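Protein chains: 2
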Amino acid sequence: MENPVLVEVTRGNVVESRHRGAIAVVDADGAVVAAIGDVTRPVFPRSAVKALQALPLVESGAADALGYDEAELALACASHNGEERHVNSARVMLMKAGLDEDALECGSHWPARMEDIARLHRQDAEPCPLHNNCSGKHAGFLGLAKVMGVETRGYVEAAHPVQREVKAAVEAMTGTTLGADQCGIDGCSIPTYATPLHNLAQAFARFGTGQGLEKGRAEAARRLYDACIDEAWMVAGTERCCTSIMQAFGGRVFVKTGAEGVFCAAVPELGLGIALKCDDGATRASETMLAAVIDELVEQDEQEAADLAPWLRPAVRTRKGFAAGEVRATANFGSLLKGR
Amino acid sequence: MENPVLVEVTRGNVVESRHRGAIAVVDADGAVVAAIGDVTRPVFPRSAVKALQALPLVESGAADALGYDEAELALACASHNGEERHVNSARVMLMKAGLDEDALECGSHWPARMEDIARLHRQDAEPCPLHNNCSGKHAGFLGLAKVMGVETRGYVEAAHPVQREVKAAVEAMTGTTLGADQCGIDGCSIPTYATPLHNLAQAFARFGTGQGLEKGRAEAARRLYDACIDEAWMVAGTERCCTSIMQAFGGRVFVKTGAEGVFCAAVPELGLGIALKCDDGATRASETMLAAVIDELVEQDEQEAADLAPWLRPAVRTRKGFAAGEVRATANFGSLLKGR
Chain X
1 MENPVLVEVT
11 RGNVVESRHR
21 GAIAVVDADG
31 AVVAAIGDVT
41 RPVFPRSAVK
51 ALQALPLVES
61 GAADALGYDE
71 AELALACASH
81 NGEERHVNSA
91 RVMLMKAGLD
101 EDALECGSHW
111 PARMEDIARL
121 HRQDAEPCPL
131 HNNCSGKHAG
141 FLGLAKVMGV
151 ETRGYVEAAH
161 PVQREVKAAV
171 EAMTGTTLGA
181 DQCGIDGCSI
191 PTYATPLHNL
201 AQAFARFGTG
211 QGLEKGRAEA
221 ARRLYDACID
231 EAWMVAGTER
241 CCTSIMQAFG
251 GRVFVKTGAE
261 GVFCAAVPEL
271 GLGIALKCDD
281 GATRASETML
291 AAVIDELVEQ
301 DEQEAADLAP
311 WLRPAVRTRK
321 GFAAGEVRAT
331 ANFGSLLKGR
Chain Z
1001 MENPVLVEVT
1011 RGNVVESRHR
1021 GAIAVVDADG
1031 AVVAAIGDVT
1041 RPVFPRSAVK
1051 ALQALPLVES
1061 GAADALGYDE
1071 AELALACASH
1081 NGEERHVNSA
1091 RVMLMKAGLD
1101 EDALECGSHW
1111 PARMEDIARL
1121 HRQDAEPCPL
1131 HNNCSGKHAG
1141 FLGLAKVMGV
1151 ETRGYVEAAH
1161 PVQREVKAAV
1171 EAMTGTTLGA
1181 DQCGIDGCSI
1191 PTYATPLHNL
1201 AQAFARFGTG
1211 QGLEKGRAEA
1221 ARRLYDACID
1231 EAWMVAGTER
1241 CCTSIMQAFG
1251 GRVFVKTGAE
1261 GVFCAAVPEL
1271 GLGIALKCDD
1281 GATRASETML
1291 AAVIDELVEQ
1301 DEQEAADLAP
1311 WLRPAVRTRK
1321 GFAAGEVRAT
1331 ANFGSLLKGR
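Chains X and Z supply the protein sequences, listed in that same order.
Under the numbering used here, the first residue of the first sequence is numbered 1, with each subsequent residue one higher.
Under the numbering used here, the first residue of the second sequence is numbered 1001, with each subsequent residue one higher.
These aren't lab readings, by the way, just hints derived from the structure by calculation.
Predicted model only: the values in this text are computed from it and were never measured.
Backbone N, C-alpha and C fix where the C-beta goes; we use that ideal spot for every residue, glycine too.
Among the clues, some could well be false.
[Stated by the list, open to error] Beta-carbon label-pair distances, calculated as ranges:
(1) Z:A1331 / X:G179: 34 to 42 Å
(2) Z:V1032 / X:E269: 52 to 60 Å
(3) Z:Q1247 / X:A65: 54 to 62 Å
[Unchecked claim] To give a feel for the contact side, a few chain Z residues facing chain X, derived at Cβ under 8 Å:
(4) V1014
(5) E1016
(6) D1102
(7) A1103
(8) C1106
(9) G1107
(10) W1110
(11) S1189
(12) D1279
(13) T1318
[Unchecked claim] Not close to chain Z: a few residues of chain X, all C-beta gaps over 10 Å, as computed:
(14) N13
(15) M114
(16) I185
(17) G281
(18) E296
(19) A309
(20) A324
(21) G339
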């Protein structure tokens, strides 16, 4: 089954490039409320499920034992820019567990923003694992390991107690069994499991509403949801889509990006979860798809609509800043979404 | 008509993302020798046609009047990395025309490689238009303007004599008329015209063989072809696909990338031109498609095959360098190509 074109990239009056994808909108009971394309094909959710992977940290009591504040809970769910405050927060999370960056097994990469790269260059420094966009998640894994009283080394391995807890939480939330044949290695070295969009959307309906979750997990989900809203900047950072959209909707919407064109979202007031994948993995398309789904489903006041608008039809600019084209959802996006 | 999936990106045993596209393999007379997908849909060739856009510079005698050497001719056809030698070469091309970087209207952007970005940061400097990957092409346009005795200002505008010459050359080579409705603004501010892959491929069959070209144009094409081969590093730079493949095949193959997933290529010994587009605009896919087409069409000795191999199945790596998956042409790529 071919997923339809959902996003067009134009230059002048011509469509220059096209992105296909699938979207699932599901309630906490697993009923499909709206869908486009193949929502049963397994998709690596990548970072989009970080908030689910953080559930054991909270529900075990480890986050409280370590004294993590809301900003740190948000960082544990983050794909951050590696801006100074992100890096420092990850460092402090590790300190609270009696650890430092040497314990991190996520690897290093440069920060996302040129000004943060420049700072490192002017210091003649290389990035360290704290700069890795997953460092907050990994700090949370290490904190959980310390409170569990297990060896921290190898915490990224599938057989490690922390990853077994994380896998169990994701299985329970998605209502799936995550087998070895659908397992891959994520960019930050932890396991990632290919899961249908349908199940991912249901997981986020549960995450956002607490429905179908036993009390401790529902409370943990509520705390993580609120932390990501209250500290939306920690979840991504300056000028990032997740941060901007969560700030715009003031708690009504939770969104999280994943590599290779994935987004998961929750809209508790509608009782819904959303999961989407751009077939070719492009973030410019997944962001436009996410904005378009929110635009179709969520009532907006004037300010919310104004804040969402830049994500609906971002300009494609020349090197001199002139708008040469745009990225936009297809004209039939709304009817495709409501057609099921 | 839906273009087929031609490139898969895997993680473990699972296909994580998929890229669709079209490919045209055409001879100098316009006969389609092989094709995949819709080769009649207009595509912005972007930088893939720089060598055609450089024909007026050479055939007018301007390149010789200015004393451009082979490296500078190659830079005039380049999408370079903005490494030191690229930047200096563009500066000298301008000097030869009595100009400096202030004349460039392409805009600025950071170099491609982190070490070149670092150098600027350590100097507390911003990139200038010389760093723009198109600066050699633009220096050539300015050189042509000076020799033509026309105003240099506004040389990027469609109505400027230089752009009219460039458009006429591209029209003649592709056998098309480039109208306003298929015109867009390229990233570097010059016009770009959406053209079918079929016609682009034919243009490069002509470019590579000289067939169907009058004597002056055929000689200009030969000189530009040879310059791009002899100075392949100038055309792109360190670790770049175009540079690597042209160096590998020692003159047998000319290749040139274009933004939004485009490649054009010429294989003179087969009398063929190639033009391809990844539907969604991804360069990781267009590079893999290009390598796969070359692999199917071009006889390779052991060294050439070894040099091509890294471009056929590049690894997808974790932040720690572990191979988590790969980018590869689909299993049916060869039969799709030969099916027509």
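Name the hints, by number, that the structure is in violation of.
1, 6, 7, 14, 15, 16, 17, 20
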